[in-house]
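**Q** Sequence:
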Amino acid sequence: MSNPIILGAKRSKGTLDNGNTYDSTKIYVQTAMKPSPDQVGFSVSEFNWGDSSNYDNLKNVKFPAEANITYEMVTNGKSNQVIVTDVQILKPTPKV
Numbered sequence: 001m002s003n004p005i006i007l008g009a010k011r012s013k014g015t016l017d018n019g020n021t022y023d024s025t026k027i028y029v030q031t032a033m034k035p036s037p038d039q040v041g042f043s044v045s046e047f048n049w050g051d052s053s054n055y056d057n058l059k060n061v062k063f064p065a066e067a068n069i070t071y072e073m074v075t076n077g078k079s080n081q082v083i084v085t086d087v088q089i090l091k092p093t094p095k096v
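Residue numbering for the sequence shown follows the numbering used here, beginning at 1 and increasing consecutively.
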């Protein structure tokens, strides 16, 4: 299996009108679509990666970029969620 390709990242930090705060980094990873007669190719999956400080590790990366992504799967008993715990950029992906 090849390493995942990160297509981009976004940080978000602030305070809502009700006073609640938010602070996150999201990464966008190229994901193969399940082959079927009605779909081919790739889509994008969004993953949370901690707080907005993680964005600083990616802000100077030339995207798309190949990466090692460490994650854990957690559940509340009804649904599963993938939580990214670490991202290590390997190299930019050559443009074709």
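Please keep in mind that the hints were generated in silico from the structure rather than gathered at the bench. Since this is a predicted model, take the numbers as computed values, not measurements. Hints may be right or wrong, so weigh each one.
Straight line, CA to CA, 25 Å or less: simulated SDA-like cross-link-like pairs of lysine to any residue [to be verified]:
1. K10 - K78
2. K78 - K13
3. K91 - E66
4. K59 - G19
5. K10 - F47
6. K26 - P37
7. K78 - E46
8. K13 - K26
9. K91 - N57
10. K91 - L16
11. K10 - G77
12. K62 - L16
13. K34 - A9
14. K91 - A65
With beta-carbon atoms standing in for the labels, derived distance ranges [said to hold, decoys possible]:
15. N18 - V40: 17 to 23 Å
16. G19 - F63: 15 to 21 Å
17. S2 - S36: 20 to 26 Å
18. P37 - K91: 17 to 23 Å
19. Q39 - K59: 19 to 25 Å
20. D17 - S45: 29 to 35 Å
Quick reminder that beta carbons are idealized off the backbone N, C-alpha and C, glycines included.
**Q** For each hint, tell me whether it holds in the structure or not.
**A** Going down the list of hints, with the structure as the test:
1. A distance of roughly 28 Å separates the Cα atoms of K10 and K78; the hinted pair therefore is violated under the 25 Å criterion.
2. Restraint check: the Cα-Cα separation between K78 and K13 comes to about 29 Å, which exceeds 25 Å; the hinted pair is violated.
3. A threshold of 25 Å between alpha carbons decides the hint, and for K91 with E66 the separation of about 5 Å falls inside it, so the pair holds.
4. With a C-alpha separation of about 28 Å, the suggested pair K59 and G19 falls outside the 25 Å cut-off, and the hint is violated.
5. Distance restraint check for K10 and F47: the Cα-Cα separation of roughly 10 Å lies within the 25 Å cut-off, and the hinted pair is therefore satisfied.
6. With a CA separation close to 31 Å, the supplied pair K26 and P37 exceeds the 25 Å bound.
7. Proposed proximity of K78 and E46 is supported: the alpha carbons are some 20 Å apart, at most 25 Å.
8. With a C-alpha separation of about 12 Å, the suggested pair K13 and K26 falls inside the 25 Å cut-off, and the hint holds.
9. For the suggested pair K91 and N57, the alpha carbons sit about 14 Å apart, so the restraint of at most 25 Å is met.
10. A hinted pair counts as satisfied when its Cα atoms are at most 25 Å apart, and K91 with L16 does not qualify at roughly 37 Å.
11. For the hint pairing K10 with G77, the CA-to-CA distance comes to about 29 Å; that exceeds 25 Å, so the pair is violated.
12. For the proposed pair K62 and L16, the alpha carbon gap of about 32 Å is over 25 Å, so the pair is violated.
13. Annotation: proposed proximity of K34 to A9 holds, straight-line Cα distance about 24 Å (limit 25 Å).
14. Between K91 and A65 the alpha-carbon distance is near 6 Å, which keeps this suggested pair within the 25 Å criterion.
15. A hinted range of 17 to 23 Å is violated for the C-beta pair N18 and V40, which are about 44 Å apart.
16. The beta-carbon spacing between G19 and F63, approximately 35 Å, falls outside the hinted interval of 15 to 21 Å.
17. At about 22 Å, the beta-carbon gap between S2 and S36 stays in the expected band of 20 to 26 Å.
18. Judged by the Cβ atoms, the range 17 to 23 Å given for P37 and K91 is violated: they are separated by roughly 35 Å.
19. Under the hint 19 to 25 Å, the C-beta atoms of Q39 and K59, about 33 Å apart, miss the expected range.
20. Between D17 and S45 the C-beta distance comes to about 30 Å, which sits within the given range of 29 to 35 Å.
Against the hints set out earlier in the document, violations occur for numbers 1, 2, 4, 6, 10, 11, 12, 15, 16, 18 and 19.
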